[in-house]
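Starting from the known structure of chain F, arrange chains H, Y and S on it as the hints suggest.
Chains as they are written, first to last, in our numbering: chain F, 455 to 882; chain H, 455 to 882; chain Y, 455 to 882; chain S, 455 to 882.
What the hints contain is simulated information worked out from the structure, not anything from laboratory work.
A few of these clues could be false.
To be verified - Pairwise CB distance ranges (calculated):
| id | chain 1 | residue 1 | chain 2 | residue 2 | range |
| --- | --- | --- | --- | --- | --- |
| 1 | H | I695 | S | Q623 | 29 to 39 Å |
| 2 | F | Q701 | H | R555 | 50 to 60 Å |
| 3 | S | H549 | H | Q715 | 43 to 53 Å |
| 4 | H | Q715 | F | Q480 | 51 to 61 Å |
| 5 | F | D780 | S | Q623 | 52 to 62 Å |
| 6 | Y | P782 | H | Q720 | 47 to 57 Å |
| 7 | F | E881 | S | P650 | 21 to 31 Å |
| 8 | H | A651 | Y | H549 | 31 to 41 Å |
| 9 | Y | H549 | F | G829 | 50 to 60 Å |
From the three backbone atoms N, C-alpha and C, an ideal C-beta is built for every residue, glycine too.
Number of protein chains: 4
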Amino acid sequence: MRRPAQTSQPLPALLCFEHLQQRYRQVRSCSEAICAPLLPEDCVIQSMPDVSPPKWHLAHVSWFFETFLLLPFLPGYRTPDPHYDHLFNSYYRTHGAPYPRAQRGLLARPSLGQVLDYRRHVDQGMGELLAAPPPAHAGEIQRRLELGLQHEQQHQELLLMDIRHIFAQNPMRPAYRDDLKPPAGGDAALQWLEFPAGLRHVGHAGDGFAFDCERPRHRQFLEAFRLASRPVSNLDYLTFIEDRGYQRCELWLADGWDLIQREGWQAPLYWTRIDNQWQEMTLAGLRPLEPHAPVCHISFFEADAYARWAGARLPTEAEWEVAAADQPLRGTFLESDLLQPQGGRGNALRQLFGDVWEWTASAYRPYPGFAPLEGSLGEYNGKFMSGQMVLRGGCCATPEEHIRASYRNFFYPHMRWQFAGLRLATEA
Amino acid sequence: MRRPAQTSQPLPALLCFEHLQQRYRQVRSCSEAICAPLLPEDCVIQSMPDVSPPKWHLAHVSWFFETFLLLPFLPGYRTPDPHYDHLFNSYYRTHGAPYPRAQRGLLARPSLGQVLDYRRHVDQGMGELLAAPPPAHAGEIQRRLELGLQHEQQHQELLLMDIRHIFAQNPMRPAYRDDLKPPAGGDAALQWLEFPAGLRHVGHAGDGFAFDCERPRHRQFLEAFRLASRPVSNLDYLTFIEDRGYQRCELWLADGWDLIQREGWQAPLYWTRIDNQWQEMTLAGLRPLEPHAPVCHISFFEADAYARWAGARLPTEAEWEVAAADQPLRGTFLESDLLQPQGGRGNALRQLFGDVWEWTASAYRPYPGFAPLEGSLGEYNGKFMSGQMVLRGGCCATPEEHIRASYRNFFYPHMRWQFAGLRLATEA
Amino acid sequence: MRRPAQTSQPLPALLCFEHLQQRYRQVRSCSEAICAPLLPEDCVIQSMPDVSPPKWHLAHVSWFFETFLLLPFLPGYRTPDPHYDHLFNSYYRTHGAPYPRAQRGLLARPSLGQVLDYRRHVDQGMGELLAAPPPAHAGEIQRRLELGLQHEQQHQELLLMDIRHIFAQNPMRPAYRDDLKPPAGGDAALQWLEFPAGLRHVGHAGDGFAFDCERPRHRQFLEAFRLASRPVSNLDYLTFIEDRGYQRCELWLADGWDLIQREGWQAPLYWTRIDNQWQEMTLAGLRPLEPHAPVCHISFFEADAYARWAGARLPTEAEWEVAAADQPLRGTFLESDLLQPQGGRGNALRQLFGDVWEWTASAYRPYPGFAPLEGSLGEYNGKFMSGQMVLRGGCCATPEEHIRASYRNFFYPHMRWQFAGLRLATEA
Amino acid sequence: MRRPAQTSQPLPALLCFEHLQQRYRQVRSCSEAICAPLLPEDCVIQSMPDVSPPKWHLAHVSWFFETFLLLPFLPGYRTPDPHYDHLFNSYYRTHGAPYPRAQRGLLARPSLGQVLDYRRHVDQGMGELLAAPPPAHAGEIQRRLELGLQHEQQHQELLLMDIRHIFAQNPMRPAYRDDLKPPAGGDAALQWLEFPAGLRHVGHAGDGFAFDCERPRHRQFLEAFRLASRPVSNLDYLTFIEDRGYQRCELWLADGWDLIQREGWQAPLYWTRIDNQWQEMTLAGLRPLEPHAPVCHISFFEADAYARWAGARLPTEAEWEVAAADQPLRGTFLESDLLQPQGGRGNALRQLFGDVWEWTASAYRPYPGFAPLEGSLGEYNGKFMSGQMVLRGGCCATPEEHIRASYRNFFYPHMRWQFAGLRLATEA
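Here chain F stands alone, though its shape is the one from the complex:
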């Protein structure tokens, strides 16, 4: 997954490797739990070039630990198969030539079983390394371990995005899981929160982990703005559709209009109309839309067109961050095991975190003074800073401890297989 890397901040003198080992085990087992309902057949499919087969995700995150921790720091460590370095390198070109992304679905082998063996092999090496980290590199090991764990958490969300896409291509409409509850309902209450103009701080502050692209913290002047108390709901979005939103070119950016004409888009991804009723292909199979849940799986172009239709606009990422800065981390995350955005209730600012990523009006570009990590890890974030838009807040497939107010996610404006929705803003 393409995401930014940790800057080299000072570390506490006492390194809690025991705690880290426990976290390592917990994060690793979570990835496998996500794949537990899958058959070997499911783990091979690449349903579009942006999707990776689940098996590949499981192997790639292990390769990350192997490449950046075991090979440099664990003497005598051997990879189980020399091909893995080629096959499971995602995009680190300074490290070596990665296997072509669009061909990941051609790899029947290594089998799922072999991939799980590879995970065991890496886990064993990591156990050895963390049991007795060479003191000269303890700081660097801790930093890279943290990055490796954050990286695997990103892939947990990617796994769920990709699994949903893979299952949705199948005319049999199989369910990834049949034990998922339907999403909670909610109400349509909406309030506009006002934020005054002023010089604000944006970007990650403090000691905790953050990717390099969230730094440095810096000042931005914001004009006064208003922000909606909740994300746009399925019901709101249906009104847009019924008002011929997809047929009115004046609502769309030119590239977006071309896209929806070319692709024939008439609704969010995964929506389908059966017997005059909108349904949605979810991780639990086909289900009726929950009207009060946030709309999900829309592209930037759709979010932007909706906002224009609504007489509003998308918030900038700075506006979003200012609004979120003092909000509690509350919302629907991976840990809830609901795997679907939920309805909410009340007028207060809600669901900034979790449920759906919120498209912002901001292009993904470096902050003033941005410096990527050293070496191959510098490819983690910075090289993707063109053509993409920022999304904020995490979603129902994001691990809760992975998200924070300064977190910058990014996708191309045409992409919509991520759990992406929107929240409206206007000038004050």
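Chains H, Y and S in isolation, oriented as in the chain F frame:
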């Protein structure tokens, strides 16, 4: 697989359904034996649009029996899943809208296990039908059963072609089987056999099974010609390569030259040069070339260019058939379990059958008076009669009882994942 | 234009160079007359990759004389610009790297004026050469000159095809000429002519000019067949359309069905329905269809589907040639200056020549014993013998002296910007 | 051309229509002067989808006056041809369906002569309208006229960009003009100017014309930064090339690296190495590079990679504007008739305006509070605000009166046929 269908020839009064049931079981179990060495992961891959996942082959041939025998003739028969009719219809558009061919690799489900269950389900239905065929339809049932068995045999060869292609894409170069013997060697002896001019009969004669496109038997006048006693060998073909055959445009048909430039072809499919030695990716993994085995996995354009370079030409399909008409069915077939073309010895006309399909100079077009089968089965062959070239003789992956002198195989001239080679001819 | 070249037949001892010079002037001026109604702007357009800008045709045919006659045989001849050899080489790869075909429309320069100057320059050289041909090469010069003239005549037809296509793309629907008469009407009379089975001779006989691909004359055995007395008319074809011919997959070859779905074809090229009436974009602009004129601008796939719908088939090229062998050269040719297929009358075999090219059932492949010309001229025909179908008889844009019963034209089965129609045949 | 439209600012009570008429004539004649050296053949070519044929530009800018001024405000005005509204509408979808952009090169007609007649026709109408503007609409007419003139000036630059591209495709390397002087030399002196942190104003201020996207003027907080006194020169850029800049993936954004691999880019557009010397295809034909002139015709990706290689970065558009705000409008513009970026001398801040557009680090997005124009003119700018990057300062093909410090030009990051270079910045 796209191949022609049986004409409605007279049938023997006594229908040997017991014998047919035995043949049915034998053919069906052969398909499963071919897939036995595969993992579920292998069975999902579609390595290019022309390839189908092994799982799909196993299901499609069952769908054929279900659609053309069980549903029309076995009262009360129910398909296990109504989606199967859509998913496993290959190209019978008059029957219903087939699932898009290029997307067969997106289907994780039905799983391999479910496909094997589907086979059991169809086998049980076929057992019931053949145990007590309704007398009014016994003749038609026998004819369609024969067609269904021939059809499944075609897919046995396709399975092996596709498995080879799937495994060859993987940089780990896995072997489909590791118990295969290396191909037998041979000698380079070559003789030119002369055939006089005259009016000949071409096309299937007699009562046995033949596809509709092999009929009607008709007359063709052939000028005198000479035919090589054996196929072109790897050694021969290496000489062509070393003589810069792939660099000399005057040897190539215009479409062929464009193709090899665009694709960068420099050798047959599956050949690779490692440490200055040519090796071949076989069903047994990477192996050194056997110099005296027939060259294999070349396109029509390569066969044609080779022949021009050699001062010869390809035989027409009529020439080939005339030469083969009185030859014994001898050569390397599926039953040998060698799965690789073999070297041969001696000056006599040899290896017309088995080992490698031989490209001919003839476009695949209808014989004078050709009539396709009635109904959807009429789509079996006739609708493919444009743009393709005829190949003759079968190969090492063809069941021996499936081939005969009048058999017309056909592929587009750029295709080469089938076991295809050539034999030279000249004017007399 | 891709067409076959003359074989090296013996020549009459007395070479009539004076007559040849006169023919040279006549053929050359005819090309310029075709372009006279064009503006410089028209001469630059390449409306699809198969089309060449008119200016390019005018230059290329001159390059042919320059390359194969002036440079080898006229001492001291210099080309006006060394770039021309690259720009105006169509496809003679053994001669040098041709400028990419699909980019001919990028060439504003040389201007039309410069191209006409180039023609004058070549004409002057040819005048000198033909006034005093070096006796040692007189035979070869005469042969190449004949080939060059035939070549330019082919391009005269191509010019008209391409001009029609260029003008038809323009929403303003400009007319190439506004002085063209509407096509003559005719009647719907149709008779089936019977031809008995037997051994026939096919291919060019005698001393006159023929392309290499028309030779050698050879024997073919033909089963008895019937041939329609006239081509299929617009009225006939409208019945096919109204009978849902373009919607019924069982009528189509598989490649044809895919094509018409992909392209959305519902009628011949240039037909358009305005206010419920079919009109046709002709060289005279938009005009109502003449019901009794032969249908024109259809692909092989459409011709084949029509024939299947009509319960008939296309004739093979041998059948066509046998029927045409003793027919007079009568029909609508370039010289008529009608530039549109015409209706006809009566039951007798008619319009075999001229009006519309007739698709045959035969793939364009070499005759037994075919040998291409020596050297680069060998690229004229032979290298196009894959994937294309034969058409016979010439059309309203073909010079009358250019056509004969043995003439083999060829196009890919999807092409239809040539003046192509069909005539039905059946088994006897 | 896609560019922003004027906001509805208050107008001076006294409308100087006489002055406007004079400006109208001057701007219009400048477009024709640019096309004067062209042949009709040159005016038809569309050398890539982004390029428009010169003829089309000449017509489209006239259509703009016709559509937004003559048809609404001049009673009785008639367009010379009803097709023009379709053919010459660039992208105003709310006005009607524009003729497909990528097919502009298919239009031989209207001829160049007819297009010039169209211009006369529009000029006459404009003369009538401006001689007696209906008082009730005088303000709106003046605003739209100003917009129409600015629009035509944008197309003057586009004409020169497109002409350069058209001529450069031709292997004959024709010169658009042979009377152009070689660019002036200069020196390599470079100084870093420091700008302190602070709250700045960005965006157009005052009464003069500006496009809607330059407004509203608003505050931005800028951290301290340094800006190079001059653009990067050809000599600088050659050092980057020789240091293997195009081969080192770590210097490139991921999309940029993919692009240069796919396209095989090794140098700026129009550069070519002949006999080991770099030359450039200019509007005067092929010429040696002037080492001290600014590098030109590079994409955003190349500018960004160069900056990274140089240990610097691109300035943001706000930084650029702050630096330019109090600089005189000095540099090489269209009026100089040099048509090539020039070398410069000295350490002072120079060539911010003219010579080459300077890529900035900023995505082209709306300013806070941005509001597009009403009606179809609202499509002028706002709908292009995705995926593009801002360039600042104008170039040698920009009319001097068309540029200002707040002017925002924008192109996709892969584009480089505009006159685009860069200037370095760093953190302070």
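Hints and how they fare:
In this structure the supplied range 29 to 39 Å holds for I695 (chain H) paired with Q623 (chain S), their Cβ-Cβ distance being about 37 Å. Between Q701 (chain F) and R555 (chain H), the C-beta spacing of about 33 Å breaks the proposed range 50 to 60 Å. About 46 Å separates the C-beta atoms of H549 (chain S) and Q715 (chain H), a value consistent with the hinted range of 43 to 53 Å. At about 55 Å, the CB distance of Q715 (chain H) to Q480 (chain F) agrees with the hint of 51 to 61 Å.
Distance hint check for D780 (chain F) and Q623 (chain S): the Cβ-Cβ separation is about 59 Å, which falls inside the suggested range of 52 to 62 Å. Look at P782 (chain Y) against Q720 (chain H): about 54 Å separates their beta carbons, and that is inside 47 to 57 Å. The given range of 21 to 31 Å is respected by E881 (chain F) and P650 (chain S), whose C-beta atoms sit roughly 29 Å from each other. Between A651 (chain H) and H549 (chain Y) the beta carbon distance is about 37 Å. The supplied range of 31 to 41 Å therefore holds.
Taking 50 to 60 Å as the suggested C-beta distance range, the pair H549 (chain Y) and G829 (chain F) conforms, at roughly 54 Å.
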